[in-house]
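Undergrad: Read off the chains here:
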Amino acid sequence: MSLYNIQRDHARFKNIIKGKIKQDLKKYISNGDMIVKKGKDTVSIPMPQIDIPRFKFGSNEGGVGQGDGDVGDEVGSDGQPQEGDGQGEAGNQPGDHALEVDLTLQELAEILAEELELPKIEAKGKEILEKQKDRYTGIAHQGPNSLRNFRRSFREALKRQIATGTYDSENPVIVPIRKDMRYRSWKTTEEFDANAVIIYMMDVSGSMGDEQKEIVRTESFWIDTWLRSQYKGIETRYIIHDTIAKEVDEKTFYSTRESGGTLISSAYKLCQKMIETEYPPDQWNIYPFHFSDGDNWSGEDTKVCFDLLENYLFPRINMFCYGQVESRYGSGQFLKDLQEQFKDGNEKLALSKIENKEGIMKSIKEFLGKGK
Amino acid sequence: MNSTGLPPELQALQAKVKSAAEEFGLECFDVIFEMLDYDQVNQIAAGGGFPKRYPHWRFGMQYDQLSKGYEWGMQKIYEMVINTDPCYAYLLNSNPYIDQKLVMAHVYGHCDFFKNNIWFSKTNRKMIDQMANHASRVKRYMDKHGEDVVESFIDVCLSVEDLIDPYMPFRMEQKEKKPEEEKTDTIKFQAPRNYLDTFMNPKEVIEKEKTAIKEQKKQEKQAFPAQPERDILLFHIEHAPLEDWQADVLSMIREESYYFVPQRMTKIMNEGWASYWHSKILTERVLHSSEFIDFADRHAGVMVTQPGGMNPYKLGIELFRHIEDRWNKGKFGKDYDTCDDMVQKKNWDKKLGLGRNKIFDVRRSHNDVTFIDEFFTEEFCEEQKLYTYDLNPRTKKYEIKSKDWKEVKERMLNMLTNGGQPLIRVQNANFKNRGELLLKHEHHGQDLDVRYCQATLTNLEKLWKRPVHIETESEGAIKTYSVVNGEFSEMK
Numbered sequence: 001m002s003l004y005n006i007q008r009d010h011a012r013f014k015n016i017i018k019g020k021i022k023q024d025l026k027k028y029i030s031n032g033d034m035i036v037k038k039g040k041d042t043v044s045i046p047m048p049q050i051d052i053p054r055f056k057f058g059s060n061e062g063g064v065g066q067g068d069g070d071v072g073d074e075v076g077s078d079g080q081p082q083e084g085d086g087q088g089e090a091g092n093q094p095g096d097h098a099l100e101v102d103l104t105l106q107e108l109a110e111i112l113a114e115e116l117e118l119p120k121i122e123a124k125g126k127e128i129l130e131k132q133k134d135r136y137t138g139i140a141h142q143g144p145n146s147l148r149n150f151r152r153s154f155r156e157a158l159k160r161q162i163a164t165g166t167y168d169s170e171n172p173v174i175v176p177i178r179k180d181m182r183y184r185s186w187k188t189t190e191e192f193d194a195n196a197v198i199i200y201m202m203d204v205s206g207s208m209g210d211e212q213k214e215i216v217r218t219e220s221f222w223i224d225t226w227l228r229s230q231y232k233g234i235e236t237r238y239i240i241h242d243t244i245a246k247e248v249d250e251k252t253f254y255s256t257r258e259s260g261g262t263l264i265s266s267a268y269k270l271c272q273k274m275i276e277t278e279y280p281p282d283q284w285n286i287y288p289f290h291f292s293d294g295d296n297w298s299g300e301d302t303k304v305c306f307d308l309l310e311n312y313l314f315p316r317i318n319m320f321c322y323g324q325v326e327s328r329y330g331s332g333q334f335l336k337d338l339q340e341q342f343k344d345g346n347e348k349l350a351l352s353k354i355e356n357k358e359g360i361m362k363s364i365k366e367f368l369g370k371g372k
Numbered sequence: 001m002n003s004t005g006l007p008p009e010l011q012a013l014q015a016k017v018k019s020a021a022e023e024f025g026l027e028c029f030d031v032i033f034e035m036l037d038y039d040q041v042n043q044i045a046a047g048g049g050f051p052k053r054y055p056h057w058r059f060g061m062q063y064d065q066l067s068k069g070y071e072w073g074m075q076k077i078y079e080m081v082i083n084t085d086p087c088y089a090y091l092l093n094s095n096p097y098i099d100q101k102l103v104m105a106h107v108y109g110h111c112d113f114f115k116n117n118i119w120f121s122k123t124n125r126k127m128i129d130q131m132a133n134h135a136s137r138v139k140r141y142m143d144k145h146g147e148d149v150v151e152s153f154i155d156v157c158l159s160v161e162d163l164i165d166p167y168m169p170f171r172m173e174q175k176e177k178k179p180e181e182e183k184t185d186t187i188k189f190q191a192p193r194n195y196l197d198t199f200m201n202p203k204e205v206i207e208k209e210k211t212a213i214k215e216q217k218k219q220e221k222q223a224f225p226a227q228p229e230r231d232i233l234l235f236h237i238e239h240a241p242l243e244d245w246q247a248d249v250l251s252m253i254r255e256e257s258y259y260f261v262p263q264r265m266t267k268i269m270n271e272g273w274a275s276y277w278h279s280k281i282l283t284e285r286v287l288h289s290s291e292f293i294d295f296a297d298r299h300a301g302v303m304v305t306q307p308g309g310m311n312p313y314k315l316g317i318e319l320f321r322h323i324e325d326r327w328n329k330g331k332f333g334k335d336y337d338t339c340d341d342m343v344q345k346k347n348w349d350k351k352l353g354l355g356r357n358k359i360f361d362v363r364r365s366h367n368d369v370t371f372i373d374e375f376f377t378e379e380f381c382e383e384q385k386l387y388t389y390d391l392n393p394r395t396k397k398y399e400i401k402s403k404d405w406k407e408v409k410e411r412m413l414n415m416l417t418n419g420g421q422p423l424i425r426v427q428n429a430n431f432k433n434r435g436e437l438l439l440k441h442e443h444h445g446q447d448l449d450v451r452y453c454q455a456t457l458t459n460l461e462k463l464w465k466r467p468v469h470i471e472t473e474s475e476g477a478i479k480t481y482s483v484v485n486g487e488f489s490e491m492k
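Same order as they appear, the protein sequences are chains A and B.
The working numbering applies: residue 1 is where the first sequence begins, and numbers increase by one.
The working numbering applies: residue 1 is where the second sequence begins, and numbers increase by one.
By construction, these hints were calculated from the structure, which means they are not laboratory data.
Think of the CB as a built atom: it goes at the ideal place given N, C-alpha and C, for glycine as much as any other residue.
Mixed in with the good hints, there may be bad ones.
[Unchecked claim] Output of the computed footprint for chain B on chain A, the stretches with three or more beta carbons under 8 angstroms from beta carbons of chain B: (1) 62 to 71; (2) 336 to 344.
[Unchecked claim] Below, computed lysine to any residue pairings styled on SDA-like, alpha-carbon distance capped at 20 angstroms: (3) K409/B to E374/B; (4) K18/A to Q62/B; (5) K406/B to V71/A; (6) K139/B to Q7/A; (7) K68/B to I35/A; (8) K397/B to G72/A; (9) K56/A to R58/B; (10) K385/B to G67/A; (11) K269/A to R316/A; (12) K56/A to D390/B; (13) K14/A to E147/B; (14) K385/B to G301/B; (15) K462/B to N428/B; (16) K56/A to R264/B; (17) K56/A to N418/B; (18) K346/B to F375/B; (19) K20/A to D148/B; (20) K365/A to Q230/A; (21) K52/B to R8/A; (22) K56/A to S474/B.
[Stated by the list, open to error] Derived, one-sided and incomplete: chain B residues facing chain A with beta-carbon distance under 8 angstroms: (23) I400; (24) S402; (25) E487.
Using the sequences and the hints, build the whole thing.
TA: Structure below.
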């Protein structure tokens, strides 16, 4: 029995969904918690059921139920008739089911790229990073006995015997001779193993509230998604700082709340140390991101930062991104200082001001739009 | 005919189940079982049980949901059977033997129902072929006019696929009759004496009435359609300015819609009947004594009713058993109905033994609405602990409103009438004398969902290609919603 070709319909459905996600991308980007990460490479996105509209009744006013209970008792938790086992279609009130859509990070990144028109990143140091790898993919006429391919060898022998008329179907004995022997062989391929590391730095001084952190969290999710789609192996490191900086894990990064002042240079120094000890710039694509509300302690410290950026970081990294998140205390000077310092523009520096959740999309474009 | 794809032990089982079914008097088409893995089952279920359907994303969506449901362990499809001759049914290859037994017996129940219930008598029993024909026709149109064009036209058609007349197949013959001869319009009173005629029929009154009748006739001629029309799809096929391929696609969708109507009309009966027989066949003929506990477990799974829910399997089987019991004991007729003594009524037993015959009669001639209307009794309601529930606006929770059997019955009938869908007719196809389409929703207490109404009207306008309107009631007031060039508005 030939089966109906569902693949085509399934693909169409997925396309429609992707179209919808693209349409509503801004909404999804602004609400980070709508997208749930599932496993390593997939995300799940809630979406209103795509319905074919029909004339139907409005309010869900109630129904008929079965079971114990007296007048006035509460029914179920939502009163929605539930389906039992079997092919039941109990209940005639349509509920507002949400559709859970699964996408791979790769697919999500593609949608993001198409919508924001992000250029593909040109990884640096392709030539340097190549690795040689042997893969057994071919077949050869000579080789060591340990790589004999029995199936192929006997097939060749059978071919030869049939061709020469020595094959006897009554007594199908096949004896390969030396000419029939086949061996597995390898090909050496060169692999470009572009490694990348993202170093997230965040100001956790008293002025960065929960809302600001939420913005940072959402934005870094999308940055992660995009960079992951561009590099094979990617590492992420997290640094928080107030007047001193320290490295933390992801969870702490988003949940810590310190009070006190801000010395941005502390974070940059730690970042420098990290690069020096662990990420030799000739082998790694390095992406430092720094989020802050822009209130630095002193002009002196800002100068130290500039010095670090210009003389140490810029020559070694792919792109330095600074995002200034507006807090309820207003936003600080640091962005302006940076803009003035690098007036002529520096191709390794991306600056962005994120006023609120709606600003995230624009900011992602500013950061990643350069294709570095 | 045999289910050749089955392993020998299941073939033997099928023979056993079949002979038991025949012994009990079930009358089935030949049944062909196909053994499928879960992915194939999901594919076929997505296509409504048919192996070939026209290309449309909606089947992909259903497949997506079914696959996820299965993979996450939330649901699986036990059985599927389609109304064709021979009858095709599907078995899931990962099901344990006891489940296959239950499914087979259940399928024979359905099959008997398909063959004998009057509402299925007009369905196309070669629908597998017909669906495949539709598929290739739609594909041909897609090749010619483009996939997107055809698929979005199908979207539009599906939006109105429910707007058909379920009784139409039974009226076909009547419809083709010639219209009755026009009655001669005698508006005169018959005068008992000739001389009274001028008194009883004054000249000016007669003249006035004559012109009134003329006027009315003229209006009737103008009214189009002459009678409000329920088969809105047919109306569009005949009268909307569609291209040939569009009319063909619409007619295919209409045909498929009619095919599925009886299934919607008899959900409770059909599942009840099949459950009644799987239980009977298994417990009395096919089960080994070691399998009873497993069977009871599976059966209870099928019958389970969530709080606030209604399970057609459960309701159906119980009502059939209730009827069987009543006719066995003679609990019907005038004597029984007029008896006031509850104790006497409860112990009523005339030992008639007519139950089995009665339920066979019932399965032949009823649908869910008449089934409930005729056999839903006070005793049954009490026994089954049925109630109605409503949203309590104060607590925002659903609460049991009433356990009175009349209320429960009324609510049920309301939910079942027209498949729980609004009743809508074409009222006037030359509305405002501008070729606009006026629909009328026959309001029975429940308002339309305005958002859906808007989207559906918008689709309908794409078919009719002129503005469309619907007259309905909302919060007690008559309202007319319109879509004019894609813009939704409420007509003042």
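Undergrad: When you check the alpha-carbon spacing of K365/A and Q230/A, does it fall within 20 angstroms?
TA: Since the Cα atoms of K365/A and Q230/A sit roughly 16 angstroms apart, the hinted pair holds (cutoff 20 angstroms).
Undergrad: Are the Cα positions of K409/B and E374/B separated by 20 angstroms at most?
TA: holds (10 angstroms)
Undergrad: Taken at face value, is the distance from the CA of D390/B to the CA of K56/A at most 20 angstroms?
TA: holds (19 angstroms)
Undergrad: Could you grab the alpha-carbon distance between K20/A and D148/B and see if it respects the 20 angstroms cut-off?
TA: Status holds; Cα separation ~16 angstroms.
Undergrad: Would the hint linking K346/B and F375/B be met if the CA-CA limit is 20 angstroms?
TA: Holds: K346/B and F375/B sit about 17 angstroms apart, inside 20 angstroms.
Undergrad: Does S402/B pass the interface check with chain A, least Cβ-Cβ distance below 8 angstroms?
TA: With a closest approach of 6 angstroms, the S402/B hint holds.
Undergrad: Going straight from one Cα to the other, do K56/A and N418/B come out at no more than 20 angstroms?
TA: The hint holds at about 12 angstroms.
Undergrad: Compare the distance between the alpha carbons of K18/A and Q62/B with 20 angstroms, and conclude whether the hinted pair is satisfied.
TA: holds (17 angstroms)
Undergrad: Does E487/B meet its interface restraint, that is, does its C-beta lie within less than 8 angstroms of any C-beta in chain A?
TA: This interface hint is violated because 16 angstroms lies over the 8 angstroms limit.
Undergrad: Does the structure keep K68/B and I35/A at a Cα separation of 20 angstroms or less?
TA: This hinted pair holds, its Cα atoms lying about 18 angstroms apart.
Undergrad: Keeping to a limit of 20 angstroms between CA atoms, is the pair of K14/A and E147/B held or broken?
TA: holds (16 angstroms)
Undergrad: Can the restraint linking K397/B and G72/A be considered satisfied, given a maximum Cα separation of 20 angstroms?
TA: Answer holds: K397/B to G72/A is near 10 angstroms, not above 20 angstroms.
When the structure is compared with the earlier hints, violations turn up for hints 2, 25 and for no others.
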